[in-house]
Amino acid sequence: SQQGEEDPQALSIQEGENATMNCSYKTSINNLQWYRQNSGRGLVHLILIRSNEREKHSGRLRVTLDTSKKSSSLLITASRAADTASYFCATAVYSGTYKYIFGTGTRLKVLA
Amino acid sequence: SAVISQKPSRDICQRGTSLTIQCQVDSQVTMMFWYRQQPGQSLTLIATANQGSEATYESGFVIDKFPISRPNLTFSTLTVSNMSPEDSSIYLCSVEESRGRGYTFGSGTRLTVV
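Same order as they appear, the protein sequences are chains A and B.
577 is the number of the first residue of the first sequence in the numbering used here; add one for each residue after it.
-10 is the number of the first residue of the second sequence in the numbering used here; add one for each residue after it.
Simulated from the structure, these hints should not be mistaken for laboratory data.
A couple of the hints might just be wrong.
[Said to hold, decoys possible] Subject to a maximum C-alpha distance of 25 Å in a straight line, what follows is the list of computed BS3-like cross-link-like pairs (lysine-lysine):
#, chain 1, residue 1, chain 2, residue 2
1, A, Lys675, A, Lys602
2, B, Lys54, A, Lys675
3, A, Lys675, B, Lys(-4)
4, B, Lys54, B, Lys(-4)
[Said to hold, decoys possible] If you only want the chain B side, here are some residues facing chain A, beta carbon under 10 Å, derived:
#, residue
5, Ile(-7)
6, Gln30
7, Thr37
8, Gln40
9, Arg90
Fair warning: this is a prediction, and the values are worked out from it, not measured in the lab.
For each residue, glycine too, the CB sits at the ideal point set by N, CA and C.
Extracted from the complex, chain B is given alone in its bound form:
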């Protein structure tokens, strides 16, 4: 199965600043997905990132707040912009494996905004 390297694994950031999270996959994948997991909650899909096109955002998430890049088939970044304490969450990237094998997830980025 695919191996995803996600970094940073954690960060503590000041409000008003931005953080860029990177995900590198060891194989080429068409779509990458970005999720947010707020403390004690389930995962919420932020956006789907296709190579060569703009990301598709879910309801409640906008490009200005969560800009995404997908420069090639193995890499993507998610930026959390103008952060506030409410953005404190775990952010995870994932890719879909071949049929019947579900998603593979990065190890997550635990973000704390102070």
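So here's chain A without its partners, still in its complex pose:
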């Protein structure tokens, strides 16, 4: 079963607004990552946050992690039309070896 559930499933905002996406997961993790996917192509790694970190920034991206609630959020500030994509969280789960389980994804549409 999916490790991560994301909400909302779809989000439509105006250019310049902020976009927030949330990810919840089920088991203990080593780290959590966020990825972007444009039009069903390959995924692009955005940011990684470790289980002992609470917040991380990268450019217009801000990621938070609450391990007590088993949840993470991705905030994109001052969104642009080029941010239109699907966003996935992925959690590193150890089961003999590390593997990454992807969430259900949020489809973001930024309107110009």
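Use these hints to put chain B onto chain A, whose structure you have.
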């Protein structure tokens, strides 16, 4: 970061046939991962491919249906065997970057089975 060349980028195949997808990495990596993304869905891990050993398959995926080769540290193939329309998906390979840099993905193979 690593650069992955994945091919073919797309294919339309007849049911009952097989398709082999190739991934070439520009650096040596220990593990390569194969994912399937069904239409409108998230990614599901098919298997982990280590060089020199048999691939490790996730629940719901078997070697007879998805044989994997890993002849060296820069190359892997995934074959989708005896295809049916339910196999229509995007298939992606990926490798793990050095610590803290996540995964790098190939551009994906969009497979349609008719």
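Quick rundown of the hints versus the structure:
This hinted pair checks out: lysine 675 (chain A) and lysine 602 (chain A) have alpha carbons roughly 15 Å apart, not beyond 25 Å. The straight-line distance between the Cα atoms of lysine 54 (chain B) and lysine 675 (chain A) is roughly 21 Å, inside the 25 Å bound, and the hint therefore holds. For the hint pairing lysine 675 (chain A) with lysine -4 (chain B), the CA-to-CA distance comes to about 24 Å; that is within 25 Å, so the pair holds. For the hint linking lysine 54 (chain B) to lysine -4 (chain B), the alpha-carbon distance of about 19 Å falls within 25 Å, and the restraint holds.
For isoleucine -7 (chain B), the suggested interface contact is upheld, since its CB lies about 8 Å from the closest CB of chain A, less than 10 Å. Annotation: glutamine 30 (chain B) was flagged as interfacial toward chain A, and the flag holds, the nearest CB pair being 8 Å apart, inside 10 Å. Interface hint status for threonine 37 (chain B): upheld, as the beta-carbon distance to the closest one in chain A is roughly 6 Å, under 10 Å. For glutamine 40 (chain B), the interface hint is violated, since its Cβ never comes within 10 Å of a Cβ in chain A; the closest pair sits about 14 Å apart.
For arginine 90 (chain B), the interface hint holds, the least distance from its beta-carbon to any beta-carbon of chain A being 7 Å, beneath 10 Å.
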